[in-house]
Amino acid sequence: MLKVKHVTKKFGDFTAISDVSLDVKKGEIVGFIGPNGSGKSTTIDLILGLTQATSGQIEIAGEQLNRNNAAKLRQNMSFLSTDMNLDRTVTGRQALTYFANLRHIPESEQSSRIDHLAGLLNANLDKPIKKLSRGNRQKISLIASLLSRPKLLVMDEPTSGFDPVVQNIFIDLIRQHKKDGGAGLISSHNLSEVAEICDRVIFIVGGKVVANKQMAELQAVAPKHEVIDLDAVFEKLVQTHQDTR
Amino acid sequence: MLKNIYVKSLFERRIGVLCWSIGIFLLIFGVGLMFPSMRDLFGKDMAQIPKEFQGWFGETTNIMTTFSGYMATELVGNIGIMLVIMAILYGITFIAGDEEKNVLQSLLTLPVSRTQVYFQKYFALTTINILAIIVWAIAVLAVALTLNEPLKFSVLFKIIVMFFLTNMTLSTFAYSLSAISGKRSVGGIVTGCYAFLAYFVNALSAQSDIVAKINYLSIFKYADYISLVNRAIDLNNVVLMLSLIVLFVISGLLIFTRRDIQLN
Numbered sequence: 002m003l004k005v006k007h008v009t010k011k012f013g014d015f016t017a018i019s020d021v022s023l024d025v026k027k028g029e030i031v032g033f034i035g036p037n038g039s040g041k042s043t044t045i046d047l048i049l050g051l052t053q054a055t056s057g058q059i060e061i062a063g064e065q066l067n068r069n070n071a072a073k074l075r076q077n078m079s080f081l082s083t084d085m086n087l088d089r090t091v092t093g094r095q096a097l098t099y100f101a102n103l104r105h106i107p108e109s110e111q112s113s114r115i116d117h118l119a120g121l122l123n124a125n126l127d128k129p130i131k132k133l134s135r136g137n138r139q140k141i142s143l144i145a146s147l148l149s150r151p152k153l154l155v156m157d158e159p160t161s162g163f164d165p166v167v168q169n170i171f172i173d174l175i176r177q178h179k180k181d182g183g184a185g186l187i188s189s190h191n192l193s194e195v196a197e198i199c200d201r202v203i204f205i206v207g208g209k210v211v212a213n214k215q216m217a218e219l220q221a222v223a224p225k226h227e228v229i230d231l232d233a234v235f236e237k238l239v240q241t242h243q244d245t246r
Numbered sequence: 374m375l376k377n378i379y380v381k382s383l384f385e386r387r388i389g390v391l392c393w394s395i396g397i398f399l400l401i402f403g404v405g406l407m408f409p410s411m412r413d414l415f416g417k418d419m420a421q422i423p424k425e426f427q428g429w430f431g432e433t434t435n436i437m438t439t440f441s442g443y444m445a446t447e448l449v450g451n452i453g454i455m456l457v458i459m460a461i462l463y464g465i466t467f468i469a470g471d472e473e474k475n476v477l478q479s480l481l482t483l484p485v486s487r488t489q490v491y492f493q494k495y496f497a498l499t500t501i502n503i504l505a506i507i508v509w510a511i512a513v514l515a516v517a518l519t520l521n522e523p524l525k526f527s528v529l530f531k532i533i534v535m536f537f538l539t540n541m542t543l544s545t546f547a548y549s550l551s552a553i554s555g556k557r558s559v560g561g562i563v564t565g566c567y568a569f570l571a572y573f574v575n576a577l578s579a580q581s582d583i584v585a586k587i588n589y590l591s592i593f594k595y596a597d598y599i600s601l602v603n604r605a606i607d608l609n610n611v612v613l614m615l616s617l618i619v620l621f622v623i624s625g626l627l628i629f630t631r632r633d634i635q636l637n
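Those protein sequences? They're chains A and B, same order as listed.
In terms of the working numbering, the first sequence opens at residue 2 and continues consecutively.
In terms of the working numbering, the second sequence opens at residue 374 and continues consecutively.
Source of the hints: derived by calculation from the structure; they are not laboratory data.
Predicted model, so just to flag it, every value in this text is computed and none were measured.
Positions of the beta carbon are idealized from the N, C-alpha and C atoms, including for glycine.
None of the hints are false.
Label pairs and their calculated CB-CB ranges: (1) B/Leu570 to A/Asn191: 48 to 58 Å; (2) B/Val380 to A/Ser22: 40 to 50 Å; (3) B/Thr500 to A/Lys237: 50 to 60 Å; (4) A/Gly13 to B/Lys525: 52 to 62 Å; (5) A/Ser22 to B/Arg632: 21 to 31 Å; (6) B/Thr630 to A/Glu64: 16 to 26 Å; (7) B/Ile395 to A/Asn191: 45 to 55 Å; (8) A/Thr55 to B/Asn377: 28 to 38 Å.
Chain B is faced by these chain A residues, among others (derived, beta-carbon under 7 Å): (9) Leu49; (10) Leu51; (11) Thr52; (12) Ala72; (13) Arg75; (14) Gln76; (15) Phe80; (16) Asp88; (17) Thr90; (18) Gln95; (19) Tyr99; (20) Asn102; (21) Leu103.
Within a straight-line C-alpha distance of at most 27 Å, the following computed DSSO-like cross-link-like pairs (lysine-lysine) qualify: (22) A/Lys11 to B/Lys556; (23) A/Lys73 to B/Lys376; (24) B/Lys474 to A/Lys11.
I would like the entire structure built from these sequences, with the hints used as guidance.
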């Protein structure tokens, strides 16, 4: 579904990511983990077509991403981030209808899809967004990202701001997305959440991919724990990378 | 209701546009009501000033004695600068304003191309400039009716055309610079400084030969509102402004569709 092949991104003399390769298969949820400034957001910006790679290629649904087809390829994917910076003057319903229109969702289906997801998340759609709490704004963003039933869901810190109940609903929605054949790339600092929903985890440190492991393989890295302790794996990988520099 | 980027761009600016419209109407109407006293000043009173000093007031002295002349000189040439400021301010908000707030980034994660975003927002900007000119024209008509002054519609029409083109040229320049740089400050400062200097160069060109020599760089020279009271629109000026608009639109589009857009 998604292939990032040997991608490097430079900003002037600064190399934000170097020779990054990763892939996400259909029906697979992949965690994308790294410390602050490791290049996660840079990689995500490249996948979304917001920035252009200095070298390397990105393929979405088998098609190579370029300036001319970025909009078309985004039809297959959705993005969810900490704060989607929704226009605060409109209500949640107005914002979602706008997103649905831009995603070419038939008008006859818009209300039912919006109401179904809003019902699951107990989201208030009638208040102006500026009057909603961060968590409730985040619910609107989550609905917006799932409205079009995307094949690929790209998520950057998707659950910060969610209370535990909504966090569980989010996890159920992602599992359902996966069950329906959807793929996902999730960048998060909430490692227990990543451990719970991901099939595979990619670690990026200092702009380079340092590990790409199935969840089962990670158990071997931190064997003393009964459940996979991603925190321990994460700390170990970051430490190893720093020692080798 | 929010079917596309064009409608959404207008919808989110509705309150601001309404406030500007009310402000423009009241300002034009208020200054317009001063016409009778200005007519006396530039008519009877000016006749008492020695001819040598009358030249300081330039071409405006005679023209200000008619309502059409007052409209061209005061209501467009001077007070009309408010619409120019509005045009520049809106020019910088549509792309760079959204980018600085990360709203543009959210929009560009949807299946819309940058070309679509660029043109739909530009058409929204054009619509706001058209609305501002309509409000200005309604205010002028309201003054003429209130004072019972004859108003030549042909002059009004010519002024509307050139006023709109001037505003669109500056607005497009600001829009294009902001789209290229992603920063409101770049579009605002460069266009604002240019408009400010161009306005004074054009205003002072009659009094100074040196200033007159650089007046060809001023957009207001080509608007030439005062001459429109007695003469037809110079089509060369129209072509020049349209060419500048097309040049700014294309250069802004070419760079905006190619540059990186990052989350701030």
